[in-house]
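**Student:** Each chain is listed here by its residues.
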Amino acid sequence: MTLDIFKEKGTPLDKQLFTWREMVQAPTSKLDDDAFTRVRIILMNGLESEALRFSHATARMMNGEMRLPLAKIRRVEQHQQTMVNWLLPADLSPLETTIAFEQVAIEVTASVALREPNDYLAQVYRFGLLEDFDHLYRFSALMDRVMGADANNIIQNYSDIMPGRPTMVEHRAPEDDLRNYYVSADADPLTKLHAITITASENQTHDYYMTIGPMFADPIARQLYAEIASIEEQHVTQYESMIDPNESPLEKWLLHEAMEVYNYYGCMEYETNPRIKQIWERFCDYELGHLQMVMELFKQIENRDPAEILPQTLPEPIDYQSHRQFVRETLTNEVDLRAAGTQFINKDDEAEQAPLSIAYRDQMNSEGSPSEIVAAGYTWMPGTELVEKKSAFSKGASA
Amino acid sequence: MSTRSTGAQQAMTGNRTGLQTSPELAEELIDGANNSTPSSDGGAEDIAEYRGDYIVEGFPIGSMPTMPASEEAEADEEATGMAVLLDKLSERLAFERTGTRLYEALLNKCEMLGVQTPGPTLDEIAHIGSEELEHFLMINRAIEEIGGDPTVQSPCADMAGVASMGIMQVLTDPRSSMAQCLQAMLMAELTDNAGWELLIKLADNLGYDEMKTEFETALSHEEEHLLQVRTWLSECVLDSAQV
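Going line by line, the protein sequences match chains W and U.
Following the numbering used here, the numbering of the first sequence begins with 1 at its first residue and continues without gaps.
Following the numbering used here, the numbering of the second sequence begins with 1001 at its first residue and continues without gaps.
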């Protein structure tokens, strides 16, 4: 990737202006836009959401001189997030949006897992990937069986809809959700960009499910969202624990801004909708402006050179394409992995090595497992399982 | 320790949404609003003007899949008619498919609440549900027979899905009564009947005689469904009013 983040100054902060009218543009088309345009919108909304979350947390813990620059950049990030998120159309229902969120988790995490230079962290990504992969299957069953609709209208054939690591066994004790973190001084910059990206994406997914879960009337839908939101919380715990806690707040801020430049640039490179591409280009320039500001603060406040942290040019962007073969291979090889502490073990060893998770899981599932109930005997097929007359009303079918 | 409770245990405080819940507070509320001044002039019509700005931009919900380009104008006309037919077929397909799930939810409700008199029997609900399923499968075949892709979600199917989301919410809410469910199903059946009538007219005008005949049979089923749902609802409501 040829973008030189030290030379490219981007748009100065005082030129980063909005109106409500241009912030709220015509949304994308659920039917006509490519699924990966939607994937990028959801991912970038998640990254902007993380920008605000990080900025607020930092502002509450920092001394006075950081508060104003944080507030200034945060205001722009707020409006960037709005403009990006409002590109989702109103006919994309909460459940359809959920399907799209899981596609983001599968395809983006797969790309990250393939490119991650740290072998242990690549394993962490593959581990999480198989869990989100299973969520797509469970939500697709819900969509088919409660709404009478086909999840592939959203997925557009790019991702498989089949079981992964069963959601009911994904419930783990906190002791088995923490991972080893990269050591900032030794870590490849791409490792840091990956970690913030995926943490942000999963955090957004968690927050979204927590918001929309109660909007469903059906008790099985409400339970399924409750269950999978809990796993997304575990995923945030897992992914954020990969980040070196010894990085200073300013160092983390610098990395957050670099991560946003990196991802907007990737969106620009891949975008097929010219109108949306213009937004990615504009916001890439905005983020370069933010990065420049934070680099200056880093020099002034910490008396350190940003080049210690950031690479001259950014690594290859996330690959927005189907990772079907990689996901299938990972499924074949690693579906039976479980976690014990920071390590991964075979499920046969879980009772001995991760007893707290077994006890926790048994408690949570003791009155039934929503993810198992919703997908009992379910196999996705084109046009929903009603094509095969799998209904309470078909003669000879089990009600 | 179980934390489950039942509806019967819930303290019945009564509906609190109206002004008469608390007349003194209501008076203060009304006085406050009456003594306030809007920050801008104008009325509700200003919203229409603002919305209109987006309407004229002309972004559609979506389109039908690209059809192969034809060389002659006549073929173009045929393709246009075919695209409209496929769009409306896709809409009916989605509606019947969701309709099957709606009647499954209604059957579930009736099973759990117990058959009420007046009201539908389990067999009557199952009969309608099985016909909805058959209609879905019939449209699936019809789309395939004219070279369409039944897995497509067309723009009309998409909008019909948006319009009927509330019906699903009523049917799958464990708290909704049988009469409330029947009211929602009446909306579905009224729309369904009108949808079949339009589809028959469209198939007829485009010269799909066999399709038209099949659809007329489906409409006769739907007319029965509508009559039944309307009757059950009416009887339920009148019975509950003890008149």
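In case anyone wonders, no lab produced these hints; they're calculated from the structure.
Incorrect hints may have been included.
Lysine-lysine pairs mimicking DSS-like chemistry, simulated, CA-CA at most 27 Å apart [to be verified]: (1) W:Lys390 / U:Lys1109; (2) W:Lys277 / W:Lys7; (3) W:Lys72 / W:Lys9; (4) W:Lys299 / W:Lys7; (5) W:Lys277 / W:Lys15; (6) W:Lys390 / U:Lys1201; (7) U:Lys1201 / U:Lys1109; (8) U:Lys1109 / W:Lys15; (9) W:Lys7 / U:Lys1212; (10) W:Lys15 / U:Lys1212.
Incomplete in silico selection of chain W near chain U, CB under 7 Å [said to hold, decoys possible]: (11) Leu31; (12) Gly148; (13) Asn153; (14) Ala392.
All of these numbers come straight from a predicted model, not from anything done at the bench.
Backbone N, C-alpha and C define an ideal beta-carbon position, used for all residues, glycine too.
**Student:** Compare the structure with each hint and give your call.
**Tutor:** Verification of the supplied hints:
no. : hint                  : in the structure
1   : W:Lys390 / U:Lys1109  : holds (19 Å)
2   : W:Lys277 / W:Lys7     : holds (22 Å)
3   : W:Lys72 / W:Lys9      : holds (17 Å)
4   : W:Lys299 / W:Lys7     : holds (16 Å)
5   : W:Lys277 / W:Lys15    : holds (20 Å)
6   : W:Lys390 / U:Lys1201  : violated (31 Å)
7   : U:Lys1201 / U:Lys1109 : violated (36 Å)
8   : U:Lys1109 / W:Lys15   : violated (59 Å)
9   : W:Lys7 / U:Lys1212    : violated (68 Å)
10  : W:Lys15 / U:Lys1212   : violated (62 Å)
11  : Leu31                 : holds (3 Å)
12  : Gly148                : holds (4 Å)
13  : Asn153                : holds (4 Å)
14  : Ala392                : holds (5 Å)
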